[in-house]
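Starting from the known structure of chain A, fit chain B onto it as the hints suggest.
Number of protein chains: 2
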Amino acid sequence: MQDQAPAATVSRLITYLRVIRQFEAVGLERTSSEALAEASNVSAFQIRKDLAYFGTFGTRGSGYLVSTIGLRLREILGLTDVYDIAIVGMGRLGQAITDYPAMGEYGFRIRGMFDSDPGKVGLEFAGIEVSPMDSLPTLMRQRNFDMGMIAVPSAAAQEVADTLVSAGVRALLNFAPVVLNVPEGVMVEPVDFVASLKRLSYHLRGKPVLRHAARQAT
Amino acid sequence: MQDQAPAATVSRLITYLRVIRQFEAVGLERTSSEALAEASNVSAFQIRKDLAYFGTFGTRGSGYLVSTIGLRLREILGLTDVYDIAIVGMGRLGQAITDYPAMGEYGFRIRGMFDSDPGKVGLEFAGIEVSPMDSLPTLMRQRNFDMGMIAVPSAAAQEVADTLVSAGVRALLNFAPVVLNVPEGVMVEPVDFVASLKRLSYHLRGKPVLRHAARQAT
Chain A
1 MQDQAPAATV
11 SRLITYLRVI
21 RQFEAVGLER
31 TSSEALAEAS
41 NVSAFQIRKD
51 LAYFGTFGTR
61 GSGYLVSTIG
71 LRLREILGLT
81 DVYDIAIVGM
91 GRLGQAITDY
101 PAMGEYGFRI
111 RGMFDSDPGK
121 VGLEFAGIEV
131 SPMDSLPTLM
141 RQRNFDMGMI
151 AVPSAAAQEV
161 ADTLVSAGVR
171 ALLNFAPVVL
181 NVPEGVMVEP
191 VDFVASLKRL
201 SYHLRGKPVL
211 RHAARQAT
Chain B
1 MQDQAPAATV
11 SRLITYLRVI
21 RQFEAVGLER
31 TSSEALAEAS
41 NVSAFQIRKD
51 LAYFGTFGTR
61 GSGYLVSTIG
71 LRLREILGLT
81 DVYDIAIVGM
91 GRLGQAITDY
101 PAMGEYGFRI
111 RGMFDSDPGK
121 VGLEFAGIEV
131 SPMDSLPTLM
141 RQRNFDMGMI
151 AVPSAAAQEV
161 ADTLVSAGVR
171 ALLNFAPVVL
181 NVPEGVMVEP
191 VDFVASLKRL
201 SYHLRGKPVL
211 RHAARQAT
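Protein chains in written order, with our numbering: chain A, 1 to 218; chain B, 1 to 218.
Keep in mind the hints are simulated off the structure, nothing from the lab.
Just so it is clear, the structure is predicted and the values come from calculations on it, not from any experiment.
We put the beta carbon where it would ideally sit given N, CA and C, even for glycine.
Please note that a few of the clues may not be correct.
Pairwise CB distance ranges, derived in the manner of DEER restraints [to be verified]:
{"hint": "1", "chain 1": "B", "residue 1": "9", "chain 2": "A", "residue 2": "55", "range": "28 to 34 Å"}
{"hint": "2", "chain 1": "A", "residue 1": "119", "chain 2": "B", "residue 2": "137", "range": "37 to 43 Å"}
{"hint": "3", "chain 1": "B", "residue 1": "71", "chain 2": "A", "residue 2": "129", "range": "23 to 29 Å"}
{"hint": "4", "chain 1": "A", "residue 1": "107", "chain 2": "B", "residue 2": "30", "range": "44 to 50 Å"}
{"hint": "5", "chain 1": "B", "residue 1": "181", "chain 2": "A", "residue 2": "62", "range": "22 to 28 Å"}
{"hint": "6", "chain 1": "A", "residue 1": "55", "chain 2": "B", "residue 2": "153", "range": "33 to 39 Å"}
{"hint": "7", "chain 1": "A", "residue 1": "126", "chain 2": "B", "residue 2": "154", "range": "16 to 22 Å"}
{"hint": "8", "chain 1": "B", "residue 1": "43", "chain 2": "A", "residue 2": "55", "range": "46 to 52 Å"}
{"hint": "9", "chain 1": "B", "residue 1": "118", "chain 2": "A", "residue 2": "132", "range": "54 to 60 Å"}
{"hint": "10", "chain 1": "B", "residue 1": "181", "chain 2": "A", "residue 2": "183", "range": "37 to 43 Å"}
Partial chain B-side listing against chain A, Cβ under 8 Å, derived [stated by the list, open to error]:
{"hint": "11", "residue": "93"}
{"hint": "12", "residue": "96"}
{"hint": "13", "residue": "143"}
{"hint": "14", "residue": "205"}
Bound conformation, chain A alone (with noise of 0.2 Å):
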């Protein structure tokens, strides 16, 4: 039944682990509907809605504990596990993912760098050396990677994820803007910042006189 979550609340689950972190820095012990909402920019009647999909959380009245709250969610999005990863494409971007701070406390591990460009090879990020290309195959059996990271130049994004989807790899994050052709059973996240400037333009669009008469009241 979890199975079936529909995206968007799998999405909301997500914002509310992020949320119940923050509680956790600040040592806050107990939660309500409402301040979660507060925080989550979500409506109370949405995170009760969602939490209820998955069970019963807290003791109706008295709200939530943090703590139960925030190993739910874990427990539910899977992130009392730990993933392997795989980055492949090893430039400025794949560079920059090294440095994220937020992935090894979800579990994350990043586990292999591959780039197809010699000089880029027995380079070291973070403690590990890029591998060529072609040693993929190879590496991937031994190194049982969970999840490719595609960094890659959006020519070359579907062959990185056959060569990762045929290594046995089932859940792709994909960096380059092109929609990948994957088998059933294969997951591909889409990180796409262009996507999201265009939600930003959607928000802004045809409002050129707002946006003109704001500048110049500034």
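Positioned in the frame of chain A, the structure of chain B alone reads:
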């Protein structure tokens, strides 16, 4: 009315436009909701429904002209306009953003770069010089940035958001893994790839046996 299109619809329109661009690139002149569906990993029914939301696109039975649907999608998404962007935070992430190819073609132009690290100020990326953080309000007024990209560490993200909003920016792309508080009318798009990893872990969760069986089979 268009203002009320659900976020999920807007996201799908962005996917359709990405596919249409691929069709344009190979010289395809006509398409159908079925072909668009296949390439977008969405049902044909959903596509017809999404497009109907914004009026009539094609002639019943004869499909869509690729050029017409492309232009309409650009208009709907506000992509026939040009948007000037300021990046705040010119570490590896900020630098990686300047490499991203697909921005210019949609009218997103990076026109300002800011960092609080004196070692970064004065460096040039993509022809733009990095300015000191405290010159941000002044430069905002001169250059009329439409959007701000926040590529600073989490601890600094809210302060940067406040500065951008005070300067009149109404659209923020946030790469820091924190929830930002902004006044009404300001839109924040989070680009949190750890959230994407969590959606992947939700997909893989509770399947260690399957995962390991799949591994051993390879």
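Comparing the hints with the structure gives:
no.: 1; hint: 9(B) <-> 55(A): 28 to 34 Å; verdict: holds, 31 Å
no.: 2; hint: 119(A) <-> 137(B): 37 to 43 Å; verdict: holds, 41 Å
no.: 3; hint: 71(B) <-> 129(A): 23 to 29 Å; verdict: violated, 48 Å
no.: 4; hint: 107(A) <-> 30(B): 44 to 50 Å; verdict: holds, 48 Å
no.: 5; hint: 181(B) <-> 62(A): 22 to 28 Å; verdict: holds, 27 Å
no.: 6; hint: 55(A) <-> 153(B): 33 to 39 Å; verdict: holds, 36 Å
no.: 7; hint: 126(A) <-> 154(B): 16 to 22 Å; verdict: holds, 18 Å
no.: 8; hint: 43(B) <-> 55(A): 46 to 52 Å; verdict: violated, 31 Å
no.: 9; hint: 118(B) <-> 132(A): 54 to 60 Å; verdict: violated, 38 Å
no.: 10; hint: 181(B) <-> 183(A): 37 to 43 Å; verdict: holds, 42 Å
no.: 11; hint: 93; verdict: holds, 4 Å
no.: 12; hint: 96; verdict: holds, 4 Å
no.: 13; hint: 143; verdict: violated, 10 Å
no.: 14; hint: 205; verdict: holds, 2 Å
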